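Chains as they are written, first to last, in numbering that gives the first Met the number 0: chain A, 0 to 349; chain B, 0 to 349.
Simulated from the structure, these hints should not be mistaken for laboratory data. Take the hints with a grain of salt, since some may be wrong.
Which copy is meant is left open, because identical chains are indistinguishable; a pair holds if it fits in one copy or across any two.
No more than 30 Å apart at the CA atoms, straight line, and that leaves these computed lysine-lysine pairs for DSS-like [what the hints assert, rightly or not]:
| # | residue 1 | residue 2 |
| --- | --- | --- |
| 1 | 46 | 148 |
| 2 | 191 | 344 |
| 3 | 191 | 148 |
| 4 | 67 | 46 |
| 5 | 262 | 344 |
Owing to the predicted nature of the structure, the values given are computational and were not obtained by experimental measurement.
2 protein chains.
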Amino acid sequence: MRIEDLIKEPGEWLRGTGPEGDIVISSRIRLARNVQGFPFLTRADAKERARVEAFIRGKLEGNRTVPKLHYFPLAELSAVDRLVLVERHLISREHATSEQNAGVAIAKDECVSVMVNEEDHLRIQVIRSGFLAAETWDQASQVDDAIGKKVPFSFHPEFGFLTACPTNVGTGMRISVLLHLPALVLTKQIEKVFHALGRITFTVRGLYGEGTQASGDFYQISNQVTLGKAEQDLVQDMRNVVPEIVRFERTWRKRLMDENRRKLEDRIWRAWAVLRHARWITSEETLEYLSFVRLGVHLGVLQGVELGTVNELFVFSQPGHLQKTMNRALEAGDRDAARADWIRKRLGAE
Amino acid sequence: MRIEDLIKEPGEWLRGTGPEGDIVISSRIRLARNVQGFPFLTRADAKERARVEAFIRGKLEGNRTVPKLHYFPLAELSAVDRLVLVERHLISREHATSEQNAGVAIAKDECVSVMVNEEDHLRIQVIRSGFLAAETWDQASQVDDAIGKKVPFSFHPEFGFLTACPTNVGTGMRISVLLHLPALVLTKQIEKVFHALGRITFTVRGLYGEGTQASGDFYQISNQVTLGKAEQDLVQDMRNVVPEIVRFERTWRKRLMDENRRKLEDRIWRAWAVLRHARWITSEETLEYLSFVRLGVHLGVLQGVELGTVNELFVFSQPGHLQKTMNRALEAGDRDAARADWIRKRLGAE
């Protein structure tokens with residue numbers, strides 16, 4: 000398996016085929032784990048980091064009880080390759096800047112991945128297309144058990160899993176759901192959602208995690224309180240909250256279609272038209288238009304448009320994927336031209 | 000001949016087939032004339048206006064030495080019909096508001112027309128596609144002579160033709176050329192042109208004459224000093240000035256293509272795309288995009304696009320033509336939707 004393979008076809012979560020796929024892009028669980036007998040990374044020197052990495056890599060590569068994982072040492076990857084992994088939600092932005100003794104193990108369908116030596120020794124991730132909180136948890140739990148059989152996790156009978164940052168102590172779990180909420184944004188209802196979520200300790204982020212702005216009407220909501228709550232409770236919280244937001248978004252989509260159909264259709268068709276004809280387009284503009292196109296496909300305004308292609312484009316039009324696809328480094332300006340050319344080609348347009 | 004016929008096909012000047020047609024839309028001459036023995040309209044009552052109209056109408060309709068003219072009394076035309084005539088440059092905006100004893104005589108190809116009882120008793124107009132100052136003058140002169148044989152014009156041996164407004168006394172002539180100058184607008188060179196023109200007593204106006212803003216990068220330049228200058232001098236002035244502007248616009252089009260081709264192509268393709276896909280579009284936005292499309296056709300960026308269709312659209316997307324084509328009155332909002340539908344249909348798009 001090579002980074003090039005990631006470019007050939009999108010991972011499972013990008014297909015948009017899961018439940019509530021018109022609004023929920025993906026469900027994701029990550030578990031923070033550390034290995035007994037090794038210092039936390041905050042206190043480890045290069046040699047100790049190297050020992051941790053070698054130990055975990057060995058246990059992951061030989062493990063036959065989890066999906067086969069391919070290990071990528073980050074030091075062997077170019078800046079563009081790492082960017083591809085970030086855009087694919089396989090490593091964090093922070094992890095991409097790690098120079099030594101860090102890596103990521105990835106299953107072929109990308110549903111399972113493990114960052115090694117990010118903030119913790121291990122960050123196990125399961126990501127699935129659509130709204131699958133319970134299933135994602137089941138799978139994450141299986142992977143956690145399987146890895147835990149080979150790797151002795153730091154665990155305290157009273158506090159639970161021990162982590163480098165105290166906010167993760169306990170289950171070490173974060174559950175996130177990536178939502179596409181164009182109608183709530185258009186009708187300015189989105190602030191209400193944030194307000195309500197804030198009250199129940201959920202956090203809202205952009206498409207690419209912490210500190211990034213929501214773009215193209217995508218919002219990632221997560222529950223990060225891990226201490227004092229069981230995994231099942233965190234999953235249940237998400238199962239209570241997400242259907243509410245989904246219902247709210249659907250209500251406003253319908254209202255827009257009932258009350259302002261012509262203008263909504265106009266926005267959708269223009270977005271589609273520009274993507275198929277532009278010769279110069281930024282990444283932000285692309286996300287904005289793709290968001291309208293995605294909405295248009297789900298509302299039946301754009302017919303005969305492959306939803307899979309649209310979903311793919313969100314990630315494949317990002318700088319890393321674009322450069323990897325073009326097989327060359329591109330300055331920002333050239334990137335905007337190359338992006339426009341590539342999108343047109345991908346959409347079979349002029 | 001009926002107003003409906005105007006909607007069936009565009010007049011000669013709209014075809015964009017004349018010399019320097021990439022930049023010069025049309026050349027136009029109008030002659031202000033009054034009839035001996037009748038008071039100027041500024042001093043005429045309704046009865047006198049009616050007598051003037053009847054007199055001129057008789058002379059125009061029976062005249063076999065000019066192209067056959069069809070007379071339309073304005074009182075018999077709906078508000079939409081008059082708007083069509085304004086958009087077609089066959090009557091002025093002011094004339095469109097005349098309620099009684101006013102009319103316009105129009106030749107089938109629209110090259111010759113005569114407004115009756117606008118500011119003067121007669122306003123003879125010849126309009127041709129492209130840059131044809133001399134030819135337009137020759138034709139205007141012939142029409143003037145032919146009408147003058149039947150209608151005794153008010154003429155003073157020292158001052159020349161007498162007119163209602165002193166600014167027109169002398170030749171009573173105005174020569175105007177309608178130019179498409181998108182490159183000079185994009186590169187902000189247009190102010191230089193205006194400045195130079197102002198110094199030599201030319202005036203610059205928008206697409207629809209006095210008091211209107213230039214839209215879609217169209218500018219109408221005219222020479223209105225009529226006293227103390229012979230007709231031939233006015234024509235010659237235009238023949239000196241226009242080729243300079245044309246050269247200037249061409250230089251900047253080339254520079255844009257040499258130095259900023261990708262971004263220029265992007266603007267052109269997006270304009271083309273939006274016109275072919277919008278579901279809601281204002282008249283101003285339409286002009287703006289058509290301007291880029293027209294430029295794109297002339298630069299060879301858009302191939303296989305019929306220039307005649309693009310030129311037609313400039314006028315046919317205006318409110319009067321649109322309502323006449325749809326055969327119903329439309330409120331502004333409905334008009335924007337109808338316009339979008341009609342443009343897509345006309346461009347053979349989705």
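Hints, verified against the model:
Taking the shortest alpha-carbon separations for residue 46 and residue 148, only the intra-copy value of 25 Å comes in at or below 30 Å, while the best inter-copy value is 109 Å. When the C-alpha separation of residue 191 and residue 344 is checked against a cutoff of 30 Å, the pair qualifies neither within a copy, at 39 Å, nor between copies, at 42 Å. When the C-alpha separation of residue 191 and residue 148 is checked against a cutoff of 30 Å, the pair qualifies neither within a copy, at 44 Å, nor between copies, at 79 Å. Proximity of residue 67 to residue 46 under the C-alpha cut-off of 30 Å is restricted to the intra-copy arrangement: shortest distance 28 Å within a copy versus 99 Å between copies.
In this assembly of identical chains, the alpha carbons of residue 262 and residue 344 lie at most 30 Å apart whether taken from the same copy (28 Å) or from different copies (18 Å).
Hints 2 and 3, counting from the list given before, are not met by this structure.
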